[in-house]
Amino acid sequence: MQNSFHLMQPDHLSVRVNDAEKLHRLFAEVLGLPVSWPLQSIAFAKFSWVSVGNTNIEFWQASNNSDLPLEGKPLIPFVHGIAVDCDDVAKTVEQLRGIGFACTPAKSFGTSGADGVQLNACTKAQLLEISAPKCQVFLCHWHPEGLIFPWKEKLGATERRRREKQALSESGGGALGISGLAEIRMSVPDIEHAARGWDLVYRRIAGRDHCWDLGDKMMLSLHAGPLQVVTSLMFRVHSFEKAKVALKERGLLGEHTGNEAQILPDAVDGLDFRLVR
Numbered sequence: 013m014q015n016s017f018h019l020m021q022p023d024h025l026s027v028r029v030n031d032a033e034k035l036h037r038l039f040a041e042v043l044g045l046p047v048s049w050p051l052q053s054i055a056f057a058k059f060s061w062v063s064v065g066n067t068n069i070e071f072w073q074a075s076n077n078s079d080l081p082l083e084g085k086p087l088i089p090f091v092h093g094i095a096v097d098c099d100d101v102a103k104t105v106e107q108l109r110g111i112g113f114a115c116t117p118a119k120s121f122g123t124s125g126a127d128g129v130q131l132n133a134c135t136k137a138q139l140l141e142i143s144a145p146k147c148q149v150f151l152c153h154w155h156p157e158g159l160i161f162p163w164k165e166k167l168g169a170t171e172r173r174r175r176e177k178q179a180l181s182e183s184g185g186g187a188l189g190i191s192g193l194a195e196i197r198m199s200v201p202d203i204e205h206a207a208r209g210w211d212l213v214y215r216r217i218a219g220r221d222h223c224w225d226l227g228d229k230m231m232l233s234l235h236a237g238p239l240q241v242v243t244s245l246m247f248r249v250h251s252f253e254k255a256k257v258a259l260k261e262r263g264l265l266g267e268h269t270g271n272e273a274q275i276l277p278d279a280v281d282g283l284d285f286r287l288v289r
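Residue numbers (this note's numbering): 13 to 289.
Just so you know, the hints here were simulated from the structure itself, not pulled from any lab data. All values reported here derive from a predicted model rather than from experimental measurement. Check each hint, because a few of them may be wrong.
[To be verified] With a Cα cut of at most 16 Å, we get these calculated EDC-like pairs of lysine to aspartate or glutamate:
1. K260 x D278
2. K164 x E176
3. K177 x D228
4. K34 x D278
5. K177 x E157
6. K136 x E106
7. K146 x D225
8. K254 x E272
9. K136 x D99
10. K229 x E195
11. K146 x E176
12. K58 x E33
13. K166 x E182
14. K119 x D99
15. K256 x E267
16. K136 x D97
17. K34 x E272
18. K136 x D100
19. K103 x D79
20. K256 x E272
21. K58 x D31
22. K164 x E182
Can you build the whole structure from these sequences, using the hints too?
Shown next as C-alpha cells:
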C-alpha cells in the first residue's frame with residue numbers, strides 16, 4: 013500500500029559538467045532561458061542556474077571531483093542531484109524515518125555576515141532510500157536570511173518560484189518556447205526495489221508504468237539499467253514544431269521523432285536533453 017506521505021517538488025537539478033561557462037552560455041544566451049543564479053566562480057566550484065519555470069537546472073563545475081564514484085566512466089557530465097524543496101528539513105527527516113525511510117541527518121550550511129554572525133544559508137538531507145552515488149536525491153531548504161544568494165530580496169522558495177515562472181513567461185520560454193520540465197527519466201538496476209522507495213514519498217501516475225507525479229506537471233519515470241542514473245531530461249514546449257525548427261536553425265537538432273526532439277548531444281557534452289509535445 014502506498015504511504016500518505018508526499019514530498020514537495022524539485023527545487024533544482026544539479027548537472028555536473030566539465031565546463032559550466034559553456035553550458036551556461038548555451039542555455040542562457042543561445043537558447044534565451046532566464047538566469048535565476050548568474051554564473052559564479054568561487055574556490056570550490058563554478059556554477060549557474062537557469063530557470064525552466066517549474067524548476068531550475070544547475071550547471072556545476074567542481075574544482076575537485078574526488079567525491080565522484082569511479083564506476084561508470086566517463087564520470088562527467090551527468091545529472092548528479094535532484095534537490096527537493098522542503099520547508100523544514102529536520103522535521104521531514106523525522107517523519108520519513110518514522111515510515112522506515114532512510115535519510116542522512118539534516119545538515120545546515122552557514123555564511124558569515126559583515127558583523128561575523130553566522131547565518132543559515134541552506135539545510136540539506138540526502139534521501140538514501142532513493143539515492144545512489146551517481147544520482148543523489150536530497151531535501152533542500154534555502155533560508156531567506158542566507159547571504160549567498162544573487163538576489164537582494166529575502167525570498168522564500170514559493171516567492172522565488174513565482175518570480176522564476178514569471179521570468180520564463182516574459183521570455184516566451186526562450187528560443188525553444190520551453191514551458192517547464194516534463195519528465196526525469198532514470199535507469200535503475202532493480203525497478204521493483206526502487207519503486208518501493210518512490211512509492212513512500214510520491215504518488216504514482218495512474219495508467220503509466222513506473223511513473224510518479226513530482227508536482228507542477230513534472231514526473232519521474234523508471235526504466236531498467238545497470239546503474240541508478242538520470243538518463244534524460246524532457247522539456248515541455250509551447251509548440252513542438254516551432255521548437256524543432258529553432259533547434260535546426262541553430263545547428264542544435266539531434267535525433268527526432270514526431271513527439272521528441274533531442275538537443276544535439278555534442279552541444280551539451282553528451283547529455284540527453286529532449287523536447288516533447
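Structure-based check of each hint:
no.	hint	result
1	K260 x D278	holds, 14 Å
2	K164 x E176	holds, 15 Å
3	K177 x D228	holds, 11 Å
4	K34 x D278	holds, 12 Å
5	K177 x E157	violated, 22 Å
6	K136 x E106	holds, 13 Å
7	K146 x D225	violated, 22 Å
8	K254 x E272	holds, 13 Å
9	K136 x D99	holds, 11 Å
10	K229 x E195	holds, 8 Å
11	K146 x E176	violated, 28 Å
12	K58 x E33	holds, 8 Å
13	K166 x E182	violated, 22 Å
14	K119 x D99	holds, 14 Å
15	K256 x E267	holds, 11 Å
16	K136 x D97	holds, 10 Å
17	K34 x E272	violated, 24 Å
18	K136 x D100	holds, 10 Å
19	K103 x D79	violated, 28 Å
20	K256 x E272	holds, 9 Å
21	K58 x D31	holds, 9 Å
22	K164 x E182	violated, 21 Å
Consistency note: the structure conflicts with the earlier hints numbered 5, 7, 11, 13, 17, 19, 22.
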